[in-house]
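Enquirer: Letter by letter, the chains look like this.
There are 2 protein chains.
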Amino acid sequence: MIPTITAFASSPDRGRGLARDMPVRWALEEVGQPYDVRLVSFAEMKEPAHLARQPFGQIPTYEESDLALFESGAIVLHIAETHAGLLPDDVNARARAIAWMFAAKSTVEPPIVERETAILLEKDRSWYEARLPILDDRVRKRLGELSRRLAIPNGSTVRSAPATS
Amino acid sequence: MIPTITAFASSPDRGRGLARDMPVRWALEEVGQPYDVRLVSFAEMKEPAHLARQPFGQIPTYEESDLALFESGAIVLHIAETHAGLLPDDVNARARAIAWMFAAKSTVEPPIVERETAILLEKDRSWYEARLPILDDRVRKRLGELSRRLAIPNGSTVRSAPATS
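Chains C and D, in that order, are what the protein sequence lines are. The numbers in the working numbering rise by one with no breaks, and the one at position 135 of the first sequence is 135. Remember, the working numbering sits 165 above the position in the second sequence when you count from 1.
Keep in mind that the hints were calculated from the coordinates and are not lab data. Please note: incorrect hints may appear among the correct ones.
Restricting the straight-line Cα-Cα distance to at most 30 Å, the calculated cross-link-like pairs of lysine-lysine (DSSO-like) are [stated by the list, open to error]:
#1 Lys288(D) to Lys141(C)
#2 Lys141(C) to Lys123(C)
#3 Lys288(D) to Lys46(C)
Short, incomplete list of chain C residues facing chain D, as computed with Cβ under 10 Å [said to hold, decoys possible]:
#4 Leu51
#5 Gln58
#6 Ser72
#7 Ala74
#8 Thr82
#9 Leu86
#10 Lys123
#11 Arg125
#12 Val139
#13 Arg140
We put the beta carbon where it would ideally sit given N, CA and C, even for glycine.
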């Protein structure tokens with residue numbers, strides 16, 4: 001059965017594909033899995049029909065036969081586990097790849113989202129201008145840590161951190 | 166081989182077990198897996214030896230033979246995948262449980278961490294008092310969405326969201 005995902009009917013970034021449906025679409029395209037897209041409005045996302053699929057009123061969701069999933073990280077992991085080509089076969093390499101999925105969602109993304117939230121919701125507050133450089137620095141710090149790891153000469157450390165040092 | 170995890174040598178909450186090593190310890194205790202704990206200071210967390218294990222200079226890490234992992238969500242998932250009792254056997258139920266793991270780390274936790282960050286790092290800023298209620302509301306909104314899902318009468322929706330509505 002062809003899975004159906006949801007995406008913004010009208011995106012804050014004018015639909016340029018930067019919302020959280022993007023990694024799900026990317027994973028599906030990588031493995032050659034056809035899929036349908038159902039676009040939902042911001043009003044629809046807060047209605048019971050969508051909240052039954054996504055308790056936090058967000059996109060994306062993923063529906064396939066009797067399976068309904070939410071959370072882009074979990075959806076991508078499900079696609080990776082049910083199609084060849086996205087995760088290594090070696091069990092340790094696979095665990096390390098999944099560690100980087102959690103890092104992307106719970107360590108790298110949050111300071112970026114915090115900055116976006118300030119721009120969207122606190123632009124009219126008195127502190128906005130003074131606080132924005134603090135948020136920029138938090139994003140730079142996190143991306144700097146990521147860059148330092150990616151720059152380590154042996155080039156394999158993204159999926160293979162040394163066990164001891 | 167008995168795994169080794171890292172935890173704060175000196176915790177901001179005076180070691181009461183609320184740091185991110187807690188879910189890892191909890192998972193290990195649930196499955197009856199013995200483990201060693203290596204305590205690291207804040208200075209040690211930023212040194213090359215620890216950064217090789219944890220690129221963002223955080224705890225916890227997990228080492229077992231030639232496998233080194235970071236990210237508490239990924240570590241808990243690894244423990245769940247290599248021991249019986251934490252994840253359902255049914256493949257769809259398992260995918261739904263993992264969706265809730267990503268939800269915990271990338272949807273429920275971030276507004277709570279944002280509030281903690283403000284308390285730790287912005288307490289001396291002019292906007293601190295005015296901004297704190299906004300952060301409280303963001304936490305309440307997210308926890309309210311979670312509570313509404315958990316309160317659905319059939320009681321099974323944490324692991325079993327309806328596929329359609």
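Enquirer: Does each hint fit the structure? Answer for all of them.
Expert: Structure-based check of each hint:
{"no.": "1", "hint": "Lys288(D) to Lys141(C)", "result": "holds (20 Å)"}
{"no.": "2", "hint": "Lys141(C) to Lys123(C)", "result": "holds (23 Å)"}
{"no.": "3", "hint": "Lys288(D) to Lys46(C)", "result": "violated (34 Å)"}
{"no.": "4", "hint": "Leu51", "result": "holds (8 Å)"}
{"no.": "5", "hint": "Gln58", "result": "holds (8 Å)"}
{"no.": "6", "hint": "Ser72", "result": "holds (8 Å)"}
{"no.": "7", "hint": "Ala74", "result": "holds (4 Å)"}
{"no.": "8", "hint": "Thr82", "result": "holds (9 Å)"}
{"no.": "9", "hint": "Leu86", "result": "violated (15 Å)"}
{"no.": "10", "hint": "Lys123", "result": "violated (13 Å)"}
{"no.": "11", "hint": "Arg125", "result": "holds (7 Å)"}
{"no.": "12", "hint": "Val139", "result": "violated (13 Å)"}
{"no.": "13", "hint": "Arg140", "result": "violated (13 Å)"}
The structure does not agree with the numbered hints 3, 9, 10, 12, 13 stated previously, though it agrees with the rest.
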